[in-house]
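Q: Line order of the protein sequences matches chains C and A.
Numbering follows the numbering used here, with no gaps: position 216 of the first sequence is 216.
Numbering follows the numbering used here, with no gaps: position 89 of the second sequence is 89.
These aren't lab readings, by the way, just hints derived from the structure by calculation.
In this text, a Cβ means the ideal position worked out from N, Cα and C, and glycines have one as well.
Accuracy of the hints is not assured; some may be wrong.
Unchecked claim - According to the in silico footprint, chain C covers these stretches of chain A (three or more CB under 8 Å from chain C): (1) 8–21; (2) 27–33; (3) 55–68; (4) 80–90.
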Amino acid sequence: MRTNVLIQRLSDQTTPVRRLPPPLRRLVLWLGIAAPSVMIMVAVMSPRPDLIEKLGESRYLLEQGAAVVTALTAAFAAFSAGVPGRPRWPLLLPLAPLALWLGSLGQGCLSNWLSLGPEGLTLQPDWMCLPAIALTGAVPAIAITVMIRRGAPLLPRATVALAALAAAALGNVGLRLFHPQDASLMVLVWQFGSVMLLTTVGCCFGRLLLRWRPIRA
Amino acid sequence: MEKVNSREARWVGLMRAAQQGDRAAYHSLLFELAPFIRGAIGRRWGRFEGIEDLVQDVLLSMHSVRHTYDPQRPFTPWLMAIARHRMADNARRYVRKVRNEVNVDEWPETFSAHEPNYLDEGPGDVQSLREAIAKLPVGQRQAVEMLKLQEMSLKGASAASGQSVAALKVAMHRALKALRAALGEERQG
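Extracted from the complex, chain A is given alone in its bound form (with noise of 0.2 Å):
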């Protein structure tokens, strides 16, 4: 009992001298009140991923409304009502995110279409795809390496292959239809 009332007497003295702009004073308070109150979190809640969020959460608070506390009273209840006031803010904000969140192990399907629901398949055969592009003509073939593969700006690719913008849009444009044409024909074959 005594060393709670010498330690609640110290406290009192060192938020006094951090009211005036003590700054070690304060530095000394709140680095005794960070384990007391990461104690306190955890005889209420236990130990838990975000206690350490929880604390500085608290000191936050505390050092927003310091101007509050009157050094006429005692320390440790106004403390704490500020710790519970955040405990319980922080509980309503985590049980509203609880609410809004649904854990499943594997997404359902999304498209009546089959194909995009093929998750496990990655992102297509590349072998395929890669082929496909070798056998585009050679203005198209630019046009996807340097637009798609490179993912350079049109402005870019036209300074880099002499061509006109234009001339890129177009060949980026039929390069796409025959890639889709030459991959949808290998997978109906």
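Chain C on its own, in the form it takes in the complex (with noise of 0.2 Å):
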């Protein structure tokens, strides 16, 4: 076909768009659909008897938010992605929480063997935190893809992870709201470990997920 049959017939075709609002706004929106779900996820679930207790401690309160930042990094960063012209370093914001969280929980697991010694740092099997962060992440991760297929595919595989850091790391949140698991070598294996496969599978989703939109022309 030749060029200009495409532009005319591209050009006959056209109609009024809906134009993709800018990332901090796709942000809020996906907050507003995402943190209900996740508060209705640890009200089912009965949130941990020593929440109050917890939500004094600097250490838990630190993870947390830690938490929190890197789920809205990670979000506006997959929104961003999605923009063709836009910079690319908010792709990079969510390693500066990803690092805090992980540094805080590495060193919760020093200070427990500086403490206790080698028992401060027992591994148990916990098999409920990858379902529940999965399942307490499930509305933002639907939330979030049905969002982030209306950008453009520029970046499949990291839009689609930094969108499963997002969800999995607002399940995270969840859970740690109504699961009372503190012991920072248990949760940075099976939680923060949750959360890093999580983003993995998300990751060898990408191509799938996102793709250019075939046009008939």
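Two chains, two frames, a set of hints: combine them into the complex.
A: Here it is in structure tokens:
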């Protein structure tokens, strides 16, 4: 087909389009769906009995805060990645809160080991973490998937990985509101590990979820 | 610089109108973008045979995500991000294709027997085949002519010749056997 013919056909079939809102507005919209769904999940599972007490602990607040900021920055980065011509630096934004989260957990492991010796680093099976994070983050994950599919598939793997990270991090925040597990090594392996696993799975499905839409011209 | 700025402002205006469904504006925009994209590809890869396909691919991709353009932001970086992505995608596809392709001047032998590898000899001796068919009994010759040379179906050949389908099958089988024997003897002789 000649390019001029294609241009004619494309312009003939053009219709008004609904513009994609800026990433920040989409983040607020996503949060409006994701946060209530996580809260409902926490209410259904019933909040942990020592929640008020935990809210006074700086380490707990730091880790939860880092997880929330990770979720927010990852979602913002995922939304930015789908807009052609936008700077790429937002893609690196989640690294800072992620490092803070990991650092806090690492520091917790170290202080447990220093105060209790090898017993302070006991690892027990906690198989509920992965499905609980996936379930708590399910609605945020579905919502963000629908939203990023409206963008351009410029970086499919990175975009879906960031979206998965956002949903899983938010799921983990919810989990720690109803699951009384605070041993740093346990949180590091079973919770942070689950978040990373879900992010990796998201990365693998990137090209499947985000593709250029075929146009009939 | 002023020329670039005025072009940028015009493209932003045309794209804004196109997003609202203005077909004439969209046509003008695409018409101006095609040579711009062609030039960008040419500067990166030089002129090549499939350049027009790539230009069209960029235009189609741009069309599919035209809702992602925000008129508050510059247009050219938006367009070039799509163009660069499509160029890289096409380059990857090309490399994948080339990696799995083997260019040979002459096909290698494919069978251990000599006969199938005599590609230069073409379909064989047509005159001998014609003579061998002519020597076949009438029923067998008719079967070969209808089923092989005229490529008729068994049902059609049966209706045309008045022979039953089973009789045609038997005649064809015997004809092939006779032809094979006749041509084989000739080659050995």
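Q: Compare the structure with each hint and give your call.
A: Cross-check of the supplied hints:
| no. | hint | in the structure |
| --- | --- | --- |
| 1 | 8–21 | holds (count 4) |
| 2 | 27–33 | holds (count 3) |
| 3 | 55–68 | holds (count 11) |
| 4 | 80–90 | holds (count 4) |
Going down the numbered hints, you'll see the structure goes against none, and every one checks out.
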